[in-house]
Every structure is written in C-alpha cells, then in structure tokens.
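Undergrad: Let the hints inform the model, and build the full structure from the sequences given.
Chains as they are written, first to last, in our numbering: chain W, 1 to 342; chain Y, 343 to 684.
Keep in mind the hints are simulated off the structure, nothing from the lab.
Quick caveat: nothing in here was measured; it's all calculated off a predicted structure.
A few of these clues could be false.
[What the hints assert, rightly or not] With beta-carbon atoms standing in for the labels, derived distance ranges:
| id | chain 1 | residue 1 | chain 2 | residue 2 | range |
| --- | --- | --- | --- | --- | --- |
| 1 | W | Asp8 | Y | Asn448 | 37 to 43 Å |
| 2 | W | Val325 | Y | Arg634 | 22 to 28 Å |
| 3 | W | Ala40 | Y | Asn349 | 37 to 43 Å |
| 4 | W | Glu81 | Y | Ser430 | 30 to 36 Å |
| 5 | W | Ala220 | Y | Asp412 | 47 to 53 Å |
| 6 | Y | Val442 | W | Leu198 | 54 to 60 Å |
[What the hints assert, rightly or not] Reference excerpt, derived from the structure (chain Y facing chain W, CB under 7 Å, subset only):
| id | residue |
| --- | --- |
| 7 | Phe525 |
| 8 | Ile675 |
| 9 | Asn682 |
Every residue, glycine too, gets a C-beta built ideally from N, C-alpha and C.
Number of protein chains: 2
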Amino acid sequence: MARPTVNDIAEEAGVSLATVDRVLNGRPGVREKTVSRVQAAIEKLGYVRDVTAANLARQRRYRLVFVLPDVPAQFVDTLHEAIAESVSTSVVDRTDVRIVSFPNDNPHALVKSLRALSAADTDGVAIFAQETPHVRDAIARLKADGVPIVALVSDLPNTGRDHFVGIDNVAAGRTAGFLMGKFIGNTGGSVMVLVSSLQARDNVERRLGFDQVMAESFPAIEVLPSIENHDDEETTTRLVTEMLRKRPDITGIYSVGHGSQALVEVLRGHERRHAITLIAHELTRVTREALRDHLMDAVISQNVGHIVRSALRVLRAKSDGRDIVSSQERIRIEIVVRENLV
Amino acid sequence: MARPTVNDIAEEAGVSLATVDRVLNGRPGVREKTVSRVQAAIEKLGYVRDVTAANLARQRRYRLVFVLPDVPAQFVDTLHEAIAESVSTSVVDRTDVRIVSFPNDNPHALVKSLRALSAADTDGVAIFAQETPHVRDAIARLKADGVPIVALVSDLPNTGRDHFVGIDNVAAGRTAGFLMGKFIGNTGGSVMVLVSSLQARDNVERRLGFDQVMAESFPAIEVLPSIENHDDEETTTRLVTEMLRKRPDITGIYSVGHGSQALVEVLRGHERRHAITLIAHELTRVTREALRDHLMDAVISQNVGHIVRSALRVLRAKSDGRDIVSSQERIRIEIVVRENLV
DNA sequence: AGCTAAATGAGGTACGTACCTCATGTCAAT
DNA sequence: ATTGACATGAGGTACGTACCTCATTTAGCT
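TA: Here you go:
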C-alpha cells in the first residue's frame, strides 16, 4: 500500500483538506474534537509528512554560519574541509553555509564578527571559541535577537548556547589516561602533559579526566604539571626538548591540544622515541604520519564530519523550533591506532 | 542569490524548458551543439538539480531487502535494531525496507529466501551470509535478474556482489592484535583465540590479521590455535573452561566471533579474570557490561547504524545506475574501551 | 429563534522537477 | 522545391504539501 497523503487523512477523518492542514501545521480555528479525529486518522493510516514535498512547498532555506578561529592548528583545517564537503553534498537540504574566521589572539575581532550577524540574514550560528566576557555578551545579543547558537568542540556553558556539539572532553581525557596507563604498563616512569592553553575549556577538561584515571588506576606513574605552548611551534620545541633532558624518566607524553606538529618533530629526532608512549588528540595529517611512523601510539579523535553535520541538523531544528533527538547528536570519542588508521 | 532552476537554465541557454529537460535526463533528440549550450548554462549558473523536487515528481520508490541470519548472536540483534531505526527515520528518502531472516544452519533456507526475490518487487538486496556454492548461484541469479547486491559485514568476493559494506576484517584483527600486545606488554604468556566458525570469512580474516601483528610485533606472546564454538553457548563454556585449566599461562583472550555472552560468563566467575586481557568484537549489551565491569579491556566494533545507512545509500545509487563516493562509504574500525563507552 | 463568532469546506496557486503530447522549426538529401 | 527525419518549442499534468481567500455551516449564546 502506498504511503498515505494529506488527502487520505482528510477522507479518513471525514474533514476537508484545509482542516487537516490546520491541524498538521498547528494553525488555529479547529475544535478540540476535530483535532483528535484528524489525529486518530493520522495514527490509523500511519501518516508521515513527506518532508521533501513540505520543504519544497515551504520554500524554506536555512542560512547558517560557522565561526572559527584562524589558528595554525591542523585540526581547524580539517574542520574547514569538513564544512566545505558538507556544503557540497548537502545542497539537498536547503542550507546555505558561510564561514567566518577570526584571529585567535584578538577577542575583539571575534566580537566584531559576531556583531555583524543578525536574525535578518542568519538562521543559526555554530561557534568554536573560548568563553570570555566579551564573547559571552556578543552571544547573548545574538540569542536575544532570536538566533540559535551551538558551541562547537569546546563548550560555552555560561553563554546560554542552545546546544554543544562535540565530545565529552573529560571522558576523552579519561580515555587517553586509560590507554596511557595500559600502554606504559608496569614500566612506570613519568608522563609529560602538553596543553594549548589553560584558558581553553576543552583542554582543561581533558587534563582533568586524564588525571582522574591516572590517579585511580595507575598510581605508579607520575603525571607532571601541564606545559602550556599556546599553539606555538618554537615554544613547544624549546619546552619539550628541555623537559626531555631534565626528566630522563619520562615514559609517556600526552598532547592535549589541537596541534602536535612541533612535538612530533622533536620526538622524531630523539633517541628515546621508541621508549616513550605518545598519545595525542585529533586525527590530522601530522598525527596520521606519526602513527604510521611508529612515533605515536594512539590518537583520541572526534569525527569532524559528524560534528559539522550534527551542528547543521541541530541549528536547522532549533531554527524551526523543533526538538532534536539528542541520542543521535552524540559525538563519539574515537580511538585511532596504527592498525585502524582507515 | 537564489538557487537557479531549470527555467533559468532554459533562459540562459536560449532554449526551451523541454530541451533542458531532455539534456538533464539524457533523453534523445537534442543536437550535440545544443547539448553543450545547455551544459554551459548549467555550468555558468552553477545549477544543481533539486533532488527532493525531482524525487517528488518522479514518484520513485526503492524497495530494498536485508537478508540476515537468524542466529542467537547479539550483534545480529543490533543490526535489526539499526535497520528498524533507519526505517523509521528515513521514510524521507522514499525507501521501503524488508528484512528476510534465514536459519543460519540451513543453507537451503537461505537459497529459498533468495529465490523468492526478483527484480519485479525488489530494487536491491543487502546480504549477511557466508559464501557457499549454493549461495553463490542464488546471488548470480539475482544479479542476472538485474538486482543490485551488497554484501554486509562479511564479504562475498566471488559472487559478483556490487559492493561490500563493512570493515576491513584483516585490519580489525590487526587492531585487536596491536591492543592485545600493548596491553599484555612484557608480561608475556599465551593468548586464547575463540572463533565462531572457520567457514566464516570475516572470522578467518580477523584471525589472520591478529596473527600477523602478534608475530611481527609481539613475538614473546604465544598465540594458541583457534577454538571454534559455532556460536553455541554450551560449547563455549566447556571449551573455554577446559582451556583455562590446561593453560594457566593464558594472559589474553581474543574473541573473534559475533557473540561473547558465554565467554564473559565463564570469565566473570574465574579467579584469574583480572590477570587476563580480554578483547572482543562488536559493541552489544554483553560487551558493554563486560567493559563496564572491568572484565573486558577493549571492543573492536563496527557501527551498525553506519553500516545500514551505507548499504541503503549504495543500493539506491546502484539501482539508479549512479556512482557511489567510495570514500564516504568506508566503515571505520572502532575501538571502544571503558572510558569512551558513550 | 435569532444572532454572532468560531469552525469548516471548497478551491485555488505555488514550489521545482519529470514526463507527456502535439505543433512547428530546421536541415540535408533528393 | 519537396520530402522526411530530426530538433525544438509550447503547454500541459502530476507529485505532496503549504498557504491563501472566501463562502458556508455549526455551536454557543441571549
């Protein structure tokens, strides 16, 4: 039997098409009793709105914006690629996507970018940024304007964002800790931890989860204080080299941040490279090569394609005032080792 | 600027709508020169066919069938759930899905089920089965009838199937081996390997990959010959108990097959449970609980939701004679440990 | 019973594409 | 110049839904 249409519902309920339409689209002017008759018919026939036809008729378009930092971290590049790809493949779902980049070290540039957006030309915004008072204000203004907002990758819990798309970073840190502990085993020693910035919420949460697991399950391994590199290559090279010299008992390095290029380079030339377990975040060209070359042991990653698609789905839903199926929007913490590297 | 429509193309190319339609849908009766004029206009305006409107007009429906074994393995249940979910959420894409189950131990039943299908009522078939001569013939008949076929989870390379949806099982076995070796570390000892059946291609491939890595990278660990359990719980319980008694040097168990219930139960009551590294395949209720309870150390899994959606996409494409973007149809080998267990 | 306001019906157009028919245009071979 | 084959145009209907207008019916009230 073919799929029932609005006409079938009308017939089944003994009402006109106009009434069915009013019920389906929540328009006023239908008695309670009639509403339930129509709903009974919908139930009975198993009617499901043909979304493609509906969108066609509705002529709806979603104008969505990604706001991304302009940092030299590979991970952000992969985000750009994922957005570009999802744009090209999803012309289908009536979505226009723009990308706005802001220089990471300049919070005013970000605020300025956000100020340029308004409900008049934007149906939703996905933001990857750190939470500062200025940013919080700018987001509040957008929200007041009625623009749905989702935080991307790093949460902005105190801004009133509608949703967070990304992994549970505490769990990601715990996963890194679990692998670090298991891989080092009863060799013991100490672990160096490298973060982009202690202002970055995702970094802090990962470090937290990592420390939890190391303390709970691998007390024989000493976890050293965080080294902050601010995504700067020279700083990383200098600090890592120094630390490796100072602490010859290092058996593990955990790279918490979004970039690992300089770290990998230092290790590539280091004599103890095979005695050190290296775990980093985000699957990029750099981490792929490091895995392949036996320099890195595991990468904790989040699928940027999933992140982008989820953000788009959520923003479209919020823009329509629809609910989201949160179980479907969960981003998995992926573990990548040499052998499952696609 | 709004998205261009066929009318815009017609105007731009200086031809009528009918001609544009002929070009777009590959209908005959258009001069070579005119075709290129139209294509130039399409190029210039960046026209992309509105697939939703096209499908609406075309009234196309895809009648697809999943053929699945009726075995008591949790993994097959999760496949059923994934299919059910994808049916309910994707009424959107004009697809009718049926599931055909066949008793796993009866190859004739499978052949009979396949015989019942034909191009008259089926636009594509996804099969999870082992490759036997009978199955090969039945698939050949379906293909001759013009029905696209994809193999699911376990490949059927010699049947002429159009595509395989699933993980690279050699790589999955290698991944299991990598983790097993790293987790056991320099403790050494021996590893028990449990397979469903040595007839099952996916099982054999995993075992192969596992052995490769163990031999290459962890020669100090002895890998024992496969124990075949035919997905039977009593057999598993008996053989595993016996082996654990005979070989007190066992430090690892690799469960290659689709079910791990009985194995987990045996281990749950075993005194050496915390001295044994347990790695299994497929994320199910059983393996989830085992991870949570510290009985299992890692699960190598394939996302059944992705598998089902990929199979549907591929079958629709093949049915239309369209090409698939194979990079988008790759199924990842997922590693799940206690800490990234959703 | 008569009135008013609310509820419902009838019928239309539109969205972008597919696909159909029939008329007319063009071109090359005779 | 005529013919015939082919190319193109013009215009239509359909898909399932949204949304509009206006007429008509119904229910609730005095």
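Undergrad: Please go over all the hints and tell whether each is borne out by the structure.
TA: Hint by hint, here is what the structure shows:
Range check, W/Asp8 to Y/Asn448: Cβ separation about 41 Å, and the 37 to 43 Å hint holds. Between W/Val325 and Y/Arg634, the C-beta spacing of about 24 Å keeps the proposed range 22 to 28 Å intact. A hinted range of 37 to 43 Å for the beta carbons of W/Ala40 and Y/Asn349 is consistent with their spacing of about 42 Å. Restraint check, W/Glu81 to Y/Ser430: a C-beta distance of roughly 32 Å satisfies the suggested window 30 to 36 Å.
Between W/Ala220 and Y/Asp412 the Cβ separation comes to about 49 Å, which falls inside the hinted range of 47 to 53 Å. Checked against the hint of 54 to 60 Å, the pair Y/Val442 and W/Leu198 passes, with Cβ atoms roughly 57 Å apart. Because the beta carbon of Y/Phe525 sits about 5 Å from the nearest beta carbon in chain W, less than 7 Å, this interface hint is met. Because the beta carbon of Y/Ile675 sits about 4 Å from the nearest beta carbon in chain W, less than 7 Å, this interface hint is met.
Taking 7 Å as the C-beta contact cut-off toward chain W, the hint placing Y/Asn682 at the interface holds, the least distance being around 4 Å.
Of the numbered hints stated above, none is contradicted by the structure.
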